[in-house]
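Novice: If you want the building blocks of each chain, they are given just below.
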Amino acid sequence: MSDVDALIGKPWRKPSFVKRPWLRWTLLLGFLAYVIAAYMTIEVNWSRVYEGLERGKKFVLAFTNPDFTTRSTDIYEGMLESIIMTIASSVVGIAISIPIALGAARNIAPLPVYLICRSIIAISRALQEIIVAILLVAIFGFGPLAGFLTLSFATIGFLSKLLAEDIESMDKVQAEAIKASGAKWTQWINYGVQPQVMPRLIGLSIYRLDINFRESAILGLVGAGGIGATLNTAFDRYEYDTAAAILLIIIVIVMALEYLSGLIRAKVQ
Amino acid sequence: MLRLEKLIKTYKTGDQALKSVDLTVPEGQVLALIGPSGAGKSTLIRCINRLVEPTSGKVLLGDVDLTGLSQGHLRRERRRMGMIFQEYALVERLSVMENVLSGRLGYVGFWRSFLRRFPQADVDEAFRLLDRVGLAHMADKRADELSGGQRQRVGICRALIQNPALLLVDEPTASLDPKTSRQIMRLICELCKERGLAAIINIHDVALAQMFVQRVIGLRLGAVEFDGPPEGLTPEVLTTIYGEEDWEATIEAVDEDDIEAAE
Numbered sequence: 004m005s006d007v008d009a010l011i012g013k014p015w016r017k018p019s020f021v022k023r024p025w026l027r028w029t030l031l032l033g034f035l036a037y038v039i040a041a042y043m044t045i046e047v048n049w050s051r052v053y054e055g056l057e058r059g060k061k062f063v064l065a066f067t068n069p070d071f072t073t074r075s076t077d078i079y080e081g082m083l084e085s086i087i088m089t090i091a092s093s094v095v096g097i098a099i100s101i102p103i104a105l106g107a108a109r110n111i112a113p114l115p116v117y118l119i120c121r122s123i124i125a126i127s128r129a130l131q132e133i134i135v136a137i138l139l140v141a142i143f144g145f146g147p148l149a150g151f152l153t154l155s156f157a158t159i160g161f162l163s164k165l166l167a168e169d170i171e172s173m174d175k176v177q178a179e180a181i182k183a184s185g186a187k188w189t190q191w192i193n194y195g196v197q198p199q200v201m202p203r204l205i206g207l208s209i210y211r212l213d214i215n216f217r218e219s220a221i222l223g224l225v226g227a228g229g230i231g232a233t234l235n236t237a238f239d240r241y242e243y244d245t246a247a248a249i250l251l252i253i254i255v256i257v258m259a260l261e262y263l264s265g266l267i268r269a270k271v272q
Numbered sequence: 002m003l004r005l006e007k008l009i010k011t012y013k014t015g016d017q018a019l020k021s022v023d024l025t026v027p028e029g030q031v032l033a034l035i036g037p038s039g040a041g042k043s044t045l046i047r048c049i050n051r052l053v054e055p056t057s058g059k060v061l062l063g064d065v066d067l068t069g070l071s072q073g074h075l076r077r078e079r080r081r082m083g084m085i086f087q088e089y090a091l092v093e094r095l096s097v098m099e100n101v102l103s104g105r106l107g108y109v110g111f112w113r114s115f116l117r118r119f120p121q122a123d124v125d126e127a128f129r130l131l132d133r134v135g136l137a138h139m140a141d142k143r144a145d146e147l148s149g150g151q152r153q154r155v156g157i158c159r160a161l162i163q164n165p166a167l168l169l170v171d172e173p174t175a176s177l178d179p180k181t182s183r184q185i186m187r188l189i190c191e192l193c194k195e196r197g198l199a200a201i202i203n204i205h206d207v208a209l210a211q212m213f214v215q216r217v218i219g220l221r222l223g224a225v226e227f228d229g230p231p232e233g234l235t236p237e238v239l240t241t242i243y244g245e246e247d248w249e250a251t252i253e254a255v256d257e258d259d260i261e262a263a264e
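Line by line, the protein sequences give chains Y and H.
For the first sequence, the numbering used here begins at 4 and goes up steadily by one.
For the second sequence, the numbering used here begins at 2 and goes up steadily by one.
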């Protein structure tokens, strides 16, 4: 009782995350010193910035006057190539991802399979898309084939990992109940696991489709085909109005995909 | 019909969940397994159909020793053991009908089940069972739309459609209200009688167990402490199973229930 009496009437504060005051203050001062030091190392050539502003202005102004017509066939072909690349790589990538995800879920795969699948995922995630694209362009030459393979490869790392994690966090008892009925492994996956992870799989697939489309625009910069190649050419020729037109189309398509994925995800919940 | 011999389960953590359990369940007997949390009730039930691998000992279903079976043979034997779960364990995103038919997975091939083209006899039986538990009109509802009691009834159908010889029932009433709990227990016991099934029912609620079963096994720290008729559960016996507590109220409650049932 007396302990409580001593506490009554005193204000209460949440205990600090770092308990020792000297450590807390050292960390805080160290952080401030770092920010100041980091700021001092930035070298800005202000006259260069002034010149650059002019070019930046031209680029931004181009958006007020995008040119869809002059290079319309190039844009159309590039866009079509990108869309085909996106869809093909998403379909192939997802199809390969599903078995790898099953193998990479510790709760359903035996250890050797788990390690192999996790390695595949790790390799796919460690290699950045641009690097893979440069390698594949070197092997297969310029064009959308390299882009398609790059995106498929990247999809595997992304989708397998996230799907595997969803499988690992599924409700074990539901799957157990299916197993208890004497179901085969394939039936167990189909009845016990698949229904639980389906919304996540669909959501991730649409999200990946969206990413693949955006990536396809970047990959063109290293010669892997698609709308990126057209965009790159436009920049090289200083045709900012055409570039603006391409960027606007990309933005519209990405937003449309975003809206669509929202609709579909709400439907499958 | 079911015989456990020196069944031992030691978990990787070193916890000994079952210490040499011997138990024989004759044909058609419904028995309740009581005991405090952590006594090994769930482990015991799961060791029978090997959702948990026993460390040593034998589980004999008829003449077959389940502990030594290969995966393929184990699947075939699992068909003879229907299981009803705590918290229902329905696959929530499947329909009621799919959940019930999933009890037939051990009998149909992958493609049939994948395409949901079950044999007509299975579909008929599913409807008959759903009708028996009063849920035939819910067949195409998704399982997560049902109430707790309804879900557990679907769980019962799923176990029965396997056409089992034995029911393994794990805390069937754990998340149900008292009235629904009784209805579910009554339903399980009636169905066992109708079909001549043996059943092992894990249950927390001693009074509820006493109302419905012919035999009670008391488990404490992985060993059988009591084996006898429900009337044998005196305060002294409950103390040895659960520890010191005032048991008079629990037992009295049962007497009132009996009177109520008699009226």
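In case anyone wonders, no lab produced these hints; they're calculated from the structure.
Yeah, the Cβ is synthetic: ideal placement off N, Cα and C, and Gly gets one too.
Do not take every clue at face value.
[Stated by the list, open to error] In silico lysine-lysine, DSSO-like type, Cα no more than 30 Å apart, as pairs:
1. H:K180 with Y:K22
2. Y:K187 with H:K142
3. Y:K270 with Y:K175
4. Y:K17 with H:K7
5. H:K13 with Y:K175
6. Y:K175 with H:K180
7. H:K142 with H:K180
8. Y:K187 with Y:K175
9. Y:K60 with H:K180
10. H:K13 with H:K59
11. H:K180 with Y:K187
12. H:K13 with Y:K17
13. H:K7 with Y:K270
14. Y:K175 with H:K20
15. H:K20 with H:K59
16. H:K194 with H:K180
17. H:K20 with H:K7
[To be verified] To give a feel for the contact side, a few chain H residues facing chain Y, derived at Cβ under 10 Å:
18. S57
19. L61
20. G73
21. R80
22. E88
23. N100
Novice: Now look at each hint and say whether the structure bears it out.
Specialist: Hints and how they fare:
1. H:K180 with Y:K22: violated, 52 Å
2. Y:K187 with H:K142: Answer holds: K187 (chain Y) to K142 (chain H) is near 26 Å, not above 30 Å.
3. Y:K270 with Y:K175: holds, 25 Å
4. Y:K17 with H:K7: violated, 55 Å
5. H:K13 with Y:K175: Status holds; Cα separation ~19 Å.
6. Y:K175 with H:K180: Measuring from Cα to Cα gives roughly 28 Å; hence the hint holds.
7. H:K142 with H:K180: Holds, because 24 Å separates the two Cα atoms, which is no more than 30 Å.
8. Y:K187 with Y:K175: The given pair, whose Cα atoms are some 17 Å apart, holds under the 30 Å limit.
9. Y:K60 with H:K180: At roughly 75 Å apart (the allowed maximum being 30 Å), K180 (chain H) and K60 (chain Y) break the hint.
10. H:K13 with H:K59: holds, 20 Å
11. H:K180 with Y:K187: violated, 37 Å
12. H:K13 with Y:K17: Violated: K13 (chain H) and K17 (chain Y) sit about 40 Å apart, past 30 Å.
13. H:K7 with Y:K270: violated, 53 Å
14. Y:K175 with H:K20: With Cα atoms ~26 Å apart, K175 (chain Y) and K20 (chain H) stay inside 30 Å; holds.
15. H:K20 with H:K59: Roughly 13 Å separates the two Cα atoms, so the pair holds.
16. H:K194 with H:K180: Since the Cα atoms of K194 (chain H) and K180 (chain H) sit roughly 21 Å apart, the hinted pair holds (cutoff 30 Å).
17. H:K20 with H:K7: Holds: K20 (chain H) and K7 (chain H) sit about 8 Å apart, inside 30 Å.
18. S57: Since the shortest Cβ distance to chain Y is 22 Å, the answer is violated.
19. L61: With Cβ-Cβ at 18 Å, over 10 Å, it is violated.
20. G73: holds, 9 Å
21. R80: holds, 4 Å
22. E88: holds, 7 Å
23. N100: OK, holds: N100 (chain H) within 10 Å of chain Y, min 9 Å.
Checked against the numbered hints listed earlier, the structure breaks hints 1, 4, 9, 11, 12, 13, 18 and 19; every other hint is satisfied.
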